[in-house]
Each structure stands twice: as structure tokens, then as C-alpha cells.
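Trainee: Chain residues, written in single-letter form:
2 protein chains.
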Amino acid sequence: MKILECVPNFSEGRDEAKLEEIVEQIRKTSGVNLLDYSRDEDHNRSVVTFVGDPDKVVEAALRACLKAVELIDMQRHSGSHPRLGAADVVPFVPIRGVGMEEAVEAAHRFGRELGERATVPIYFYEEAATKPERQSLPAIRKGEYEGLAEKMRDPEWFPDAGPHKFNPKAGATIVGARYALIAFNVNINTQDLEVAKQIARAVRFINGGFRCVRAMGVSLAGKGICQISMNLLNYHKSPIHRVFETIRSEASRYGLEIVESEIVGLIPVDALAGVASFYLRAHDFTPSQIIENRLL
Amino acid sequence: MKILECVPNFSEGRDEAKLEEIVEQIRKTSGVNLLDYSRDEDHNRSVVTFVGDPDKVVEAALRACLKAVELIDMQRHSGSHPRLGAADVVPFVPIRGVGMEEAVEAAHRFGRELGERATVPIYFYEEAATKPERQSLPAIRKGEYEGLAEKMRDPEWFPDAGPHKFNPKAGATIVGARYALIAFNVNINTQDLEVAKQIARAVRFINGGFRCVRAMGVSLAGKGICQISMNLLNYHKSPIHRVFETIRSEASRYGLEIVESEIVGLIPVDALAGVASFYLRAHDFTPSQIIENRLL
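Chains as they are written, first to last, in this note's numbering: chain A, 151 to 446; chain B, 151 to 446.
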């Protein structure tokens with residue numbers, strides 16, 4: 151069974167009824183499983199997670215985004231999270247039996263169809279990017295909705311699909327393919343935030359750490375400890391256990407220990423199997439040995 | 151989704167066509183997934199693994215065992231593995247969304263119906279046992295098929311279901327409920343079999359080790375190392391990581407190390423999640439965070 155995940159972000163986090171209408175489009179698409187959705191009033195933004203066969207996922211994503219473009223008016227939108235459009239960001243994530251090429255293909259197919267049917271300019275990002283400068287989501291989103299009309303006039307920023315014309319109501323949609331992201335936090339028994347920041351620097355890419363790790367040190371004042379708060383952008387390339395063991399080693403130079411860790415939200419079973427096989431030295435273990443995997 | 155597993159053992163390991171006929175009964179039952187089957191010529195015995203909704207699993211088990219009773223004649227059976235009947239042992243194993251009580255209920259329902267429809271005496275074992283002396287499979291099987299007619303005359307060994315009359319062709323069927331069994335081997339960098347046996351004694355129940363662990367030390371002559379070969383009978387009560395760490399600690403007193411470990415065959419995702427959450431100190435992790443689990 152093929153499983154592709156889609157995690158669209160919509161620029162509506164205050165009107166619950168509108169979000170429900172959008173989510174309903176996914177619910178009613180057969181062959182697709184809605185896993186989670188949540189909205190944030192301050193960000194005025196919602197995130198939806200669903201999975202299924204690639205064709206069905208593209209279909210559900212189209213229905214939901216067409217509904218979002220119908221219901222959300224960017225001319226009246228405000229919120230603290232950067233955004234470019236009503237259906238703001240739509241990443242496709244290979245989970246199982248699907249390669250990155252197939253996720254990219256789904257993203258391109260989805261983007262071209264949404265662009266045409268909703269007359270919304272489309273930008274492809276990360277693995278689906280058409281040029282290196284568009285790999286970075288923040289680079290595409292720079293200037294936000296308010297700067298989009300002008301940005302689109304720059305030939306550098308002609309859209310990848312959809313009309314070459316600003317859509318005041320819908321803005322633009324950023325469509326991409328990426329690896330499954332794991333939100334992983336590790337707590338250290340120190341109140342010294344500077345130490346936590348040092349450890350975060352040791353593991354994160356921008357300071358010379360692991361290629362697919364974003365990290366920051368934060369203080370958990372209520373607990374009297376600090377946390378290394380991370381996003382693991384590709385657990386195949388920068389696996390959980392390696393990041394964890396590096397934090398353990400860096401903490402030990404200060405005489406500190408890992409108190410606990412936290413996996414936030416969803417995680418693919420492959421990533422867990424990787425952790426177990428590392429610590430058990432079970433070099434030949436494969437996820438096909440997991441009973442539940444046989445049922446999908 | 152509820153998942154109950156059934157792992158019937160049949161006293162036929164030489165005639166592939168007969169095994170195929172038996173397995174076909176499971177394949178053609180809708181709502182049931184055949185995971186694995188294999189036969190052993192020396193043992194003259196086959197093991198089949200399938201899963202599904204409890205009602206469907208009972209139905210498939212009945213079909214397969216009725217076919218086994220039809221095709222196998224115990225009067226002509228020989229093989230090196232202890233056995234009592236044609237459909238020799240039928241354990242039901244709770245995997246997901248099913249408690250032990252429900253597995254026991256399925257075992258009892260199956261046993262009563264098979265006993266009646268096939269006129270085969272039934273003994274319930276392990277969690278499904280009707281008295282303490284019948285919890286142990288070897289105790290029920292003692293005397294084997296050849297001693298069964300006489301054993302059944304002892305009021306201590308009246309069957310739990312089915313006729314109180316010896317069935318020469320089918321023998322008896324032992325039906326039970328048990329926890330998922332994990333076959334787990336740990337390799338140590340020593341050629342000294344005595345040391346491996348010492349380590350096996352440290353972890354296994356009969357010598358004072360973990361309650362739900364069977365273990366023996368064996369020599370892997372070809373590799374020049376030894377192995378602690380184990381069955382973990384209940385990974386909730388005697389978890390993989392604890393057994394592994396105890397072996398590591400016991401090996402270290404001899405200056406030895408764990409070279410690798412091996413999970414043989416299938417394992418429930420819960421057991422892996424337990425390993426990962428132990429080593430990552432992820433105390434709050436729950437298997438519902440695993441994406442694939444959301445799809446079952």
C-alpha cells in the first residue's frame with residue numbers, strides 16, 4: 151500500500167466553521183485518512199494532516215484548497231505567521247511505498263491543476279522546486295502577501311504554474327515535496343540557557359551540526375530545566391539516535407544529563423524502527439518484520 | 151481496528167499439497183490476512199500465522215482446522231516434534247485493540263465449536279486454561295498422541311470441550327491464548343560456550359531471571375561467537391530493552407560485548423516503540439503517534 155502524506159496550511163485560524171468546511175472536503179474523499187487538524191488564533195492559520203494513495207491525496211488536497219480559495223479573502227487577513235495566500239503552503243510527504251520522485255510528481259500535478267482551476271499563482275519549493283533559489287520556503291514567502299503583487303512583476307519571481315497575474319483574494323500557493331519532519335525535544339537538567347544554546351549549536355546545521363537538523367535552546371522555566379527544541383527534516387540522513395547521542399555527549403561535558411525527550415505529534419514507524427535497531431544493534435532488522443506493517 | 155493473531159500448528163510438514171489445502175481455507179476467509187506459513191520436514195509439522203478481526207480469525211481457524219482433521223491421519227504420523235493431534239496447537243494472540251480476555255473468549259469459542267464439529271477432544275492452555283495444571287503446553291502434551299487414549303481415561307485429564315472419547319484419526323487439539331512471542335537472539339564476542347550459558351541463566355526465568363524469558367546459550371561455530379537465543383513470552387512484562395541491558399551488563403563482567411542482536415520473524419510495533427522510548431527517555435510517547443498506526 152502506498153502512503154503519501156499532505157500537510158496543507160490555510161490562512162484561517164479564527165473562523166471554526168470555515169475550517170470545518172475545508173476539512174470536510176478531505177473527509178469526504180474516499181481512500182484518504184484525515185489524521186489531524188488544528189487552528190491557531192494568533193497565527194490566524196490552520197494545519198491539516200492527511201494520508202492516502204497519491205492520486206486520492208492529490209484529489210483531496212485540490213478539493214480542500216479550492217474550498218479555501220473560495221472562503222478565505224486575503225485582503226482581510228491578518229495574523230502573526232508569515233503567509234502568501236489563502237491555501238498558503240501545501241507540502242507532499244512520502245511515507246511508505248512512495249519515493250521522493252513520486253511525491254514531487256504529485257506536487258507538480260496538484261500545483262498545475264490548482265493554479266488553473268483557482269486562477270492562483272503557484273510556486274514550487276523544496277524537493278519540488280524548479281530552481282535552487284526556490285528551494286527555501288522563507289525565500290519564496292519573503293515580502294508576504296502584501297508584497298506579492300510587486301514581487302510577481304520581477305521576472306525572477308514569475309510563478310511556476312497558474313496565471314502570471316496577481317490574485318488579490320487568494321494570493322499565491324506554495325506547493326512542495328519534502329521528507330517527513332519529526333518534532334523532537336530533548337530536556338537537559340540545567341537552568342543555564344546559555345548551555346542549552348551551546349548544545350543546540352552543536353547539533354544544528356547552520357552552526358556546523360547535522361545537515362537535516364534545526365535546533366534552538368529554550369528555557370522551560372516552570373520545570374527549572376532547559377530544552378533543545380528541534381525539527382529533524384530528514385530522519386534517514388540525520389537519524390534521531392545520532393542527534394540524541396550527540397546531545398548526550400555535549401551535555402556530559404558540562405556534567406549534565408538528558409532528563410527526558412519528547413516526540414511531538416506524528417512519526418513514521420520507520421524512524422522508530424531505526425532507533426530500536428541502533429540501540430539493540432539489530433543490524434538486519436527491517437520494518438517488514440513489524441506485524442502492523444503487513445496489514446497496510 | 152481490532153487485530154487478533156492466530157498461529158496454528160498442524161501435524162503435517164511433508165505433504166506440501168495438504169498444507170496448501172489447509173492454508174487455502176485461511177486465504178479465502180475475507181477480513182483475514184495470512185502473514186506467513188512454513189513447514190518442517192523433520193518435525194513433520196507446519197506453522198501458519200494470520201491476523202484479523204477476532205470473529206473472522208475464529209472463522210478462518212475453524213475452516214483450517216476442520217480441513218486439517220479431514221486430511222491428516224495421526225495413526226500414520228511420525229516426526230521429531232511432540233504432538234497430540236492433527237490440528238495440534240492453536241494459540242490466539244492479542245495484537246491491537248484486543249485484550250487478553252477477548253483472546254481467551256475467542257479461544258474458548260473456537261475450541262467448543264471445533265470440538266463439536268470435528269468430534270475432537272479439546273484442551274485449553276496458558277491464559278485460556280481452565281485449571282492451573284493445564285496452563286503448561288508441555289504438561290498437556292506429555293505422553294503425546296501415542297499416550298492420549300490412556301491419558302483421557304484419567305479424570306484429571308478429561309477434555310475441556312469436545313467429546314470425552316479418543317479420536318484415533320485426529321488426536322486432540324490444544325487451544326489457548328497467549329501474549330505475542332518475540333524470538334530475540336543476542337550475539338556475544340566469545341567462543342566460550344560456558345560463558346554464554348552463564349549469561350543465558352542470568353536472564354531466564356527458570357534460573358531466577360526475568361519472568362517471561364526463555365533463554366539458552368548456543369555456539370555459532372561458523373562465526374566464532376556465541377549466542378543467547380531467547381523467546382520473550384510477554385514483552386510488556388519482561389521488555390526487550392531490559393533483557394538486552396542485562397545481557398550487556400552480564401557480558402561486561404567477562405570483558406565481553408554484544409556484537410549484534412537479531413529479531414527473528416514478526417514483532418508488534420508496540421514492542422519496538424517500547425525500545426525506542428526507553429533509549430530516548432521519551433516517557434510520554436504513545437504508539438498512537440505512529441502514523442501507520444492511524445491507518446489500521
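For the record, the hints were derived by calculation from the structure and aren't laboratory data.
Treat each hint with caution, since some may be false.
[Said to hold, decoys possible] Stretches of chain A that chain B covers, calculated by requiring three or more beta carbons in the stretch to come under 8 angstroms of a beta carbon on chain B:
| # | region |
| --- | --- |
| 1 | 389-397 |
| 2 | 411-422 |
| 3 | 431-442 |
In this text, a Cβ means the ideal position worked out from N, Cα and C, and glycines have one as well.
Trainee: All the hints need checking, so say for each whether the structure fits it.
Mentor: A quick look at each hint next to the structure:
1. 389-397: holds (count 3)
2. 411-422: Coverage by chain B holds for the region 411-422 of chain A (9 residues, Cβ < 8 angstroms).
3. 431-442: holds (count 9)
Of the numbered hints stated above, none is contradicted by the structure.
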